[in-house]
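Student: Residues per chain are reported as follows:
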Amino acid sequence: MRHDVVISSRVRLARNFEDISFHHSGMSADADACISRVASAIRGKAWAGYQLQCLRDMSDTACAVLCEDGLITPELLAAADNAAAMIHYEDACSVLVNGTDNLRIQALRPGLNLHSAAQECFRLEEAIARLAPMAFDEKLGYLTASLDDTGTGLRASLLLHLPMLGKSDKMAEVGRLVSAQGLNLRCAFGEGADAPGDVYHLSNLVTLGRTEEELIAAVTAMGIQLSDMECALRDEVLRSDRAALENAVNLAMGVMLTATSLSLQEFYQRWSKLRLGTALGILTMPGVDALLAQAQPAHLCAYAEEELDGKALDACRADRMRELAQR
Amino acid sequence: MDDKRFFRATCQECGVNEADYTVSIMREGKLCLCHLCSECMEKLNINVPTGGVTTLLGSLIAAIAGEAASLMPRGAAAGLEKVPVCSRCETSLSDFVRGGFLGCPACYNAFHDHVEKLLLERNGSLMHTGRRPCHADEARRRMAAYDELVTSMEWAAANEDYETAARLRDQIRAMEEGDQA
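Line by line, the protein sequences are chains A and B.
Under the numbering used here, the residue at position 221 of the first sequence is numbered 221, and the numbers go up by one with no gaps.
Under the numbering used here, the residue at position 93 of the second sequence is numbered 93, and the numbers go up by one with no gaps.
Read the hints as simulated data drawn from the structure, not as lab findings.
Positions of the beta carbon are idealized from the N, C-alpha and C atoms, including for glycine.
Chain B residues, not near chain A, derived (Cβ > 10 Å throughout): (1) Asp-20; (2) Tyr-146; (3) Ile-172; (4) Glu-177.
Which residues of chain A face chain B? A partial, calculated answer using Cβ under 7 Å: (5) Ser-21; (6) Ala-129; (7) Thr-152; (8) Leu-208; (9) Gly-209; (10) Glu-212.
Computed far set for chain B versus chain A, every beta-carbon distance over 10 Å: (11) Cys-14; (12) Gly-15; (13) Glu-18; (14) Lys-43; (15) Val-83; (16) Glu-148; (17) Leu-149; (18) Ser-152; (19) Met-153; (20) Glu-154; (21) Ala-157; (22) Asn-159; (23) Thr-164; (24) Ala-165; (25) Asp-170.
Can you build the whole structure from these sequences, using the hints too?
Tutor: Rendered as structure tokens:
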């Protein structure tokens, strides 16, 4: 099933006002103007359910939790003094103010659902466009701080769980397929040959010369293709060595239920087995995707209500995962 | 011997060694001096000058800009011509090349050739085909309506229908005054 491979979908639009510099240029007067303009709009009907958070008024842990949840970005966190976010916690949508661009509108959806995420982004974009003219060029499209976003300003991305495909000899072929479509596939967490958690991030690279619908369709089609390749490999393993797979899944569950110290790296390894086991019906764990965020450092510090690092963090992670795995 | 007579500046690149060379560079549109030690000169791939300032400056800009040195306009290496700077936000082309970000919408015009080259390389296209903001559509509609009025007025005048031409002229003036307001 494709939703067992696609963990989540995200659409992001980069936008700037015509009369305000791109924030990173360091003009704080412009940064304040941008926040004021957005704050004045939040009382409108289009923004029902959204809360405006100024990052400088939040604790470091609270900001880091938002980042780990994907509601804000590390770039916004780095610009916290002048940055804000309009967040709809229930719908997992946010508008980031004064990050790399004046505004970054983003929506997250579970599973493969770029269309729904895009519709919410476009709805918010129309509400923002009523505030003031956007930086837009007839030829080049929406003007952004980075040329990587010029044009549509759209980044459509999927988070994929590829435990079989990622370790197979087909990744070179996958790389060629992805590049040929103007897309990018990379490890979602960290760098290196081994993707932590076997989680990959697929997104469009091209932003100019194609419509938003074409870009979303390209990412969706590639996501489906990669899902099908992953599922085929899973079926093959189930046929050839189901017992070994079940053993690996049960070992992972055993660690989650009994470990007293769990590093993030080890968590990723075990989590990947648990997710695969859930997808294949070897065990039942409906909240397995939520564990990804809950195991991150800031979430653990918030859970423990104190700053943790090193061994204390690993011990807290083990406690938390034991609690969540037993539910 | 009085040490002060032989005071040497500290290298501005490493901040540790004494500077062996002083070079002139363009930074944010202004000519300024930069003191460098031999090690940093070598690290920045700058040869001990055998020519004049031209050669050294070109090397320094190339070193700072990295691979994107080819984007620098000809003559910038001479150090005598300004590196392009955006008049609105004062971001220079070298700032953009170094940091990877533009400063404001006006930078797209200020660095037009370089921006279009990079966009074409990345996207294979320079024509936006996606969504447009509401105000852009409205502006296009107004332009089209204005052009139609002008064409109609000229046709009416050419056909000696001066009453119609005068009415259209008044409509055109009203649109122009509305735009200026």
